[in-house]
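Can you build the whole structure from these sequences, using the hints too?
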Amino acid sequence: MRGPDSLGRGWWRRNVWGLIALLPALALMLAAAGYSDLEFWQRGRPAAVLPATDGVADFAGVRVRVAELAPATDLKRSGGRPLALPENVTAWRVVLDVEGPADPEQVPYCEISVEDTAGNLYGDQPLELSLVSAPLGNCKPDNSPVPAASGRHQTVALFVTPRGVDIAAVRVSFGTVDQTRYVRFDRS
Amino acid sequence: MKLLRRLGYAAFVLAALAAGQAIQSAEPNFNHNLRPFPVAGEVGTEVAARTFTAQVQLVRCAAALRIGDTILDTQGVWIVAKLRVGARFKPTSIAYAAARDGAGRVYQTTDRVTLNLVTGGHVMQPGLPYEGEIAIEVPTAAAGSLTLLLADNSIDQRMDSMAEIRLPISDGAACSAEPTTLLAPKALS
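Chain order of the listed sequences is L and Y.
The opening residue of the first sequence carries number 1 in our numbering; numbering runs sequentially from there.
The opening residue of the second sequence carries number 189 in our numbering; numbering runs sequentially from there.
Think of the hints as simulated: they come from the structure by calculation, not from any bench.
It is possible that some hints are incorrect.
[To be verified] With a Cα cut of at most 35 Å, we get these calculated DSBU-like pairs of lysine-lysine:
#1 Y/270 with Y/374
#2 Y/278 with Y/374
#3 Y/278 with L/76
#4 Y/278 with L/140
#5 Y/374 with L/76
#6 L/140 with L/76
#7 L/76 with Y/270
#8 Y/374 with L/140
[Said to hold, decoys possible] A few chain L residues that don't get close to chain Y, going by computed Cβ distances all over 10 Å:
#9 4
#10 8
#11 28
#12 31
#13 32
#14 63
#15 113
#16 116
#17 120
#18 122
#19 159
From the three backbone atoms N, C-alpha and C, an ideal C-beta is built for every residue, glycine too.
Rendered as structure tokens:
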């Protein structure tokens with residue numbers, strides 16, 4: 001800190017504008033740092049891709065639509081005996097129509113989940129249905145319950161929720177193709 | 189006068205560096221900064237971690253476990269906790285369970301018995317809770333100061349919530365000498 005300059009101004013007077021400019025600069029620095037963190041956090045959350053108005057989503061090299069979303073009341077064990085679920089559990093079946101490359105190897109794996117009206121997510125193949133004989137719902141033609149002709153096939157996934165819970169949407173993600181987005185079929 | 193001023197500047201710079209060093213060494217270390225966020229609770233109350241809920245319903249200790257026809261003894265004691273656990277908003281499993289004693293030593297659940305409820309393979313759906321018992325083998329002297337730790341990641345528990353529930357065992361030396369059995373996981377739905 002030197003003494004007064006040739007105009008008689010002290011240190012504070014000489015640097016007053018610099019000191020004033022420090023405040024918005026500090027605010028800008030904090031905002032930039034916060035924005036960077038927020039943007040990083042948002043990038044970590046996959047974004048939803050919605051289907052076209054006809055209900056078909058063209059994504060990850062396949063065309064997908066929800067053919068069925070309904071409570072599953074006819075589940076059977078491996079031996080063919082009916083599966084009785086606890087009173088307060090509802091099982092759901094999701095059937096997707098998948099149209100993709102004729103070569104089954106080129107059809108990407110998918111992961112299907114359902115979302116309830118409160119935003120909770122439920123996964124395929126729950127413990128509660130471990131006794132059920134069901135193909136893996138992974139979008140591959142090998143697991144299709146109907147013959148996969150002309151590159152069209154179906155994939156089936158089973159879920160459980162507490163009784164009284166309503167399903168709001170089906171989510172389909174193709175993690176081997178795109179980890180940043182998923183297809184979201186809202187239940188109409 | 190000029191030399192004195194320059195010496196003053198140098199002293200100021202040295203003082204600033206020393207202050208920076210002091211602040212840096214006084215700060216918590218990297219692992220401490222990234223430690224889990226504890227969610228504390230007591231036996232009988234539900235603890236809500238980020239992705240799961242957990243309640244310790246009962247705690248007991250014994251000198252041995254009975255698994256079928258096999259008796260598993262120990263040089264310490266077995267701590268057995270009956271848990272009620274559930275997923276909060278997405279399919280979740282509890283993959284880390286341990287007990288920390290008053291000295292900060294951490295004892296993980298035993299691998300001498302299969303404990304599906306807390307080893308990551310037991311994926312629960314929201315709203316559909318499970319209960320079951322877990323076992324942890326600890327030195328007798330540590331049994332009186334244990335806190336149960338639960339998390340959903342088996343490898344890295346940092347920067348995420350961890351349920352911490354104090355286990356009310358007063359004296360490890362007073363544990364039952366009789367072998368005790370473990371309740372397997374079962375759905376509460």
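Checklist entry - Looking back at the numbered hints, which does the structure fail to meet, lowest number first? => result 15, 16, 17, 18, 19
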